[in-house]
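Novice: Chains as they are written, first to last, in this note's numbering: chain D, 644 to 1535; chain W, 14 to 244.
Hint data in this document are derived by calculation from the structure and do not stem from the laboratory. All residues carry an ideal CB built from backbone N, CA and C; glycine is no exception. Check the hints yourself; a few may be wrong.
What the hints assert, rightly or not - Negatives, chain W to chain D, calculated, CB over 10 Å: (1) Met29; (2) Ser36; (3) Pro39; (4) Thr60; (5) Pro118; (6) Leu124; (7) Cys165; (8) Glu167; (9) His208; (10) Gly215; (11) Glu224; (12) Thr233; (13) Glu234.
Said to hold, decoys possible - Derived pair list, reagent style DSS-like, types lysine-lysine, alpha-carbon separation capped at 25 Å: (14) Lys101/W / Lys1445/D; (15) Lys1406/D / Lys220/W; (16) Lys1293/D / Lys1304/D; (17) Lys220/W / Lys1304/D; (18) Lys229/W / Lys1406/D; (19) Lys229/W / Lys1445/D; (20) Lys1293/D / Lys1199/D.
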Amino acid sequence: MADRPDPDALLAQLKEEERSNGRGRIKIYLGMAAGVGKTYAMLSDGQEAKRRGEDVVIGYVEPHGRPETEALTVGLEQVPLATHDYRGVSIKEFDLDAAVRRKPQLVLVDELAHSNAPGARHKKRWQDVQELLQEGIDVFTTVNIQHIESLNDVVAQITGIVVTETIPDSLVYDADEVEVVDIPPQELIQRLHEGKVYVPTKVDQALSSFFKKSNLSALRELALRHTAERVDRQVRTYRAAEGALEPWHTKERIVVCVGPNKMSLRVVRAAARMAGTLHAELIAVSVDSPRQSMLGEADRVRVVEALRLAENLGAETVTLSGQDIVSEVIRFAQSRNVTTIMVGKPIRHRWRELVFGSVVDTMVRHSGDINVLVITGTDTTGTPQRLIPKQTERTDWRGYGLAAGVTLAATGICSLMFNRFERINLVMVYLLGVTYVASRKSRWAATLAAFLAVGTFDFFFVPPTKSFAVSDVQYIFTFAVMLVVALLTSTLTARLREQTVAASIRERRTAALFNLSRKLSATRSRIEIGTFTAAKIKEVFGCDVGVLIKSRATGKLFSGPESESKFEFKPNENAVALWVLDHGKMAGAGTDTLPGSEGLFLPLNAENGCVGVLAVKWTGDPVRDPAQLHFLENFANQLAVAVERTNLAKDSHQAMLQVEKERLRNSLLSSVSHDLRTPLTIISGAADRLRESVHLTDSRDLELAQAIAVESERLGRQVRNLLDMTRLDSGGVELNREWQSIEELVGSALSRTEHLLQCHIVKTELAADIPLLMVDGVLVEQAIVNLLENAARHTPAGTEVKVSAHTTPGQVILEVANNGPCLAEGEEDRIFDKFYRTSPKATQGFGLGLTICKSIMEAHGGTIRAINNQEGGVSFMMTLPMSESVPEVPLG
Amino acid sequence: MADRPKIVVIDDEVQMRRFLRASFDPSDSEFFEAENGTEGIRLVARTNPDVVLLDLGLPDIDGIDVARQLREWTQVPIIVLSARGREKDKIEALDAGADDYLTKPFGVGELLARIRVTLRHVARSKGAEAEPVYESGELKVDLPMRRVFVACKEVHLTPIEFKLLSMLVRHQGMVLTHRQLLMEVWGPAYCEETHYLRVYMGQLRHKLESEPARPKHIATEPGVGYRLLVD
């Protein structure tokens, strides 16, 4: 078992290989800071590639005005830049569409971490680059070490400058090549002094704050170490592929817990760095507990941000749901064989931990053999804010009113009880009132009720009455306990109520989804499905919804009846929708792709690709909550499944029609062939008989009989060709494949065309090593016959016709060549077209014979082409793929 | 064989029957016609012909079934008339008991030659011994002596090659389906192994033919089987 390769490693290897198929290659020039000469190195290599004959263009190069650099751009084609107008300033940007349209082999794009101007398709340039790679275009690009996402805060610690433009680590890790452009820090500072380095800010300031030798040395170390790690990883991948798996231990898996505090970002970065060095798989987990669903907007956004960051750093993101954060995380970690859990160190007061317990403590206690790593943070944003439900965010006057009223009522009851009951029972009446308020109104109302209760109790019933003064110190204790009990009850009641609300929200969503799926399963028309889903989404989310379904005939998008959806597409949003359809990814408002558009566009991804686009336009604030978005995605999925189902239903209907059509066509074909062939047999037979008749003495009559015989034979051939063509043309030709010998097929074809080729010199040259082929013998023989007939008709008598066959790796080549007249230029392809004749005046033939050959070859996965021979004449080359395993034949 | 062979034609096309009738000299042969299968079977029973020409596309019973029904009680040679591209039908008819086939459109000469071959075959099998020798061009096969000569030089054949060749010789001039050959030479378990035939026929041709790619003796009937050509 020890030598069995780790399946994860194999999968990764497979992905690696898959990735390199058809995708462009990316080379990254990595530097520690501006001015080390990345652009220069990139351009030099670009020039070198061009000298090698590659099609190289410049996508974008920062115009720093350095003469050495500029000199290197000479001779390289520049893709025209796109101009975006932003607040009256026109900004020139790399034009992705122009580059894709130009489709060169290699594009040079400077400054990978650059943020695009608003209006560009992607927010970031690295996304543009990814699309280039997807299109199969190679890219050379440059980036500085401080822009790498996981190193972001490390760099901030070193230099004191927080870099906002970052690129995902995976981009560098997965790059096909990374070249570190390195010069000693002293030299860089020297160059800066000489004005050779362009720095956007003033040079002095830059010098003092950033370009310090200590800073540069640290950054340099960072860049080199990062690259070394990458190289190390590559070596391991390589060794894994070679089968040298010795240093390969069980795969490390790290789970990083993400919560609604700012520290999460820091924890995620640290985890990503650690995962990078350990070559571990990283999973970011957030737990959607009932408490979580009551978080404020800002906190939710923070969770989303942390998850998104994790995703950008190459992590898998998972949202769990459950009551207890710790047990959910641990259960998940155990199910995925996680080795390490990383959490942020909580910044809470100690007493809170004592009262509510600490997540970290519980996790350490229950983690079993999983390591728990606690990360400290300097961010002190403190505990997450709790959500005050929206309706109570406004001052809850009614609640306060109720609090006052209930307290008044309790006081009334107590005054009736006052002389007959112990004072302690009056406390109970007040507590009952507080609980009532808590169960009905907000927490603040309940809190007010608690204080009012203590106050009135003191004022009216504790001696000395009608005063807040207290004679017996004992009562202080009563008040304290009363207040604590009242507050605790109100808190618990309020929380219970909030949970009920959250549960009912969840239930409503589930019910809506259930209703939708039930309704959709009963709907057959795609338009109806679209309209209904749009209405349902509008009902649940309160937004404008448009459903665009891909027409399978044209590949274009079409929407349902306009009256049903108020969604109005702007012209540029149509483009967004098309992009989503092509890429199967979300885009639009709130995403990184085309964020400028008003709507959010979700792909309807079904099993067989994207079937349409769901467009959503928020009427109020855009929804960012991951749970909500996820829910919206659920709707999209339901919709996709429904659309796919109708597509499939239509397909099966089509298939049924096709079968019916096929049956009809076959019966028509056989009746036509019967009805044409029988009279032809009779005519040609009769003419034959006349020709041989001894009674026919007149030579003119004999000639007529001859003409009838020849022409009816020609008619017979053409009828056969037409029927063959019709059969092959419909595409549904069923090959009757059997093991066939080429020699036999050639022999049979030659004997069938013997009478046509009487005046030609026929030669055969078949190699001895041609294996049996799994082909339809009748059809392949027909193809050879057609080529021979063609030679007989189109070459003069005495022409040599040679049939030869030989093998090349994987295929058999069958050639019918003649040394007659050549084809005119450009005719080599056209002669295979239906009804093509070599000259307009040619009367011979329908020109179907060669088309049939082509169809037959294509049906077998082979090819046919015509070549003019150098010595004169035409060769028709047919290739047939060799069958994989020729069966054994017993000797005897 | 009678002096004037009796020929029964089963075909629903009037013109076809007329053409066939005109193809035979009344002084050489007797000619009977039926326009559907049922009538055809009855006609064969009544006239006891020397050869039956059977069209496969009949209005009442499928031609293949007619062949099958005839074979239940008579060994009369049956020649099937069928269109090209219906190889499956031909094989089925041959396996059902038909002796040979003709592809429409065919010439009169071809038809007469086929009939001659069939009649000769019948005459041979009715005689006590099979014709001992096959001679065509430079090829000479002496079945009783189990010897084969090409241009007077003896050729050595493996047992299977000889079995194949003797089967062809016994049915010289007539088509033999793959199935019939495989059944006879290798046995019923090998009826689908057509590639055996491809290989052995190739070997035979290389031993017997001067130009294997342009055979003069062993002809291929694409999709159907093989035929040993007679002069």
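Novice: Against this structure, judge whether each hint is valid.
Specialist: Do the hints match the structure? See the list:
1. Met29: The claim breaks: Met29/W does not keep its Cβ more than 10 Å from every Cβ of chain D (closest is about 6 Å).
2. Ser36: violated, 6 Å
3. Pro39: holds, 14 Å
4. Thr60: Check passes; 24 Å lies beyond 10 Å.
5. Pro118: violated, 4 Å
6. Leu124: Label violated. Min Cβ-Cβ 8 Å, cutoff 10 Å.
7. Cys165: holds, 25 Å
8. Glu167: Answer for Glu167/W: holds, closest chain D Cβ roughly 20 Å.
9. His208: Answer for His208/W: violated, closest chain D Cβ roughly 4 Å.
10. Gly215: violated, 5 Å
11. Glu224: violated, 7 Å
12. Thr233: violated, 4 Å
13. Glu234: violated, 8 Å
14. Lys101/W / Lys1445/D: With a Cα-Cα distance of about 32 Å, the restraint between Lys101/W and Lys1445/D is violated, given a limit of 25 Å.
15. Lys1406/D / Lys220/W: holds, 19 Å
16. Lys1293/D / Lys1304/D: Satisfied, since the Cα-Cα distance of roughly 16 Å is no more than 25 Å.
17. Lys220/W / Lys1304/D: Not satisfied, since the Cα-Cα distance of roughly 49 Å exceeds 25 Å.
18. Lys229/W / Lys1406/D: holds, 15 Å
19. Lys229/W / Lys1445/D: holds, 18 Å
20. Lys1293/D / Lys1199/D: holds, 18 Å
Of the numbered hints listed earlier, those contradicted by the structure are 1, 2, 5, 6, 9, 10, 11, 12, 13, 14, 17.
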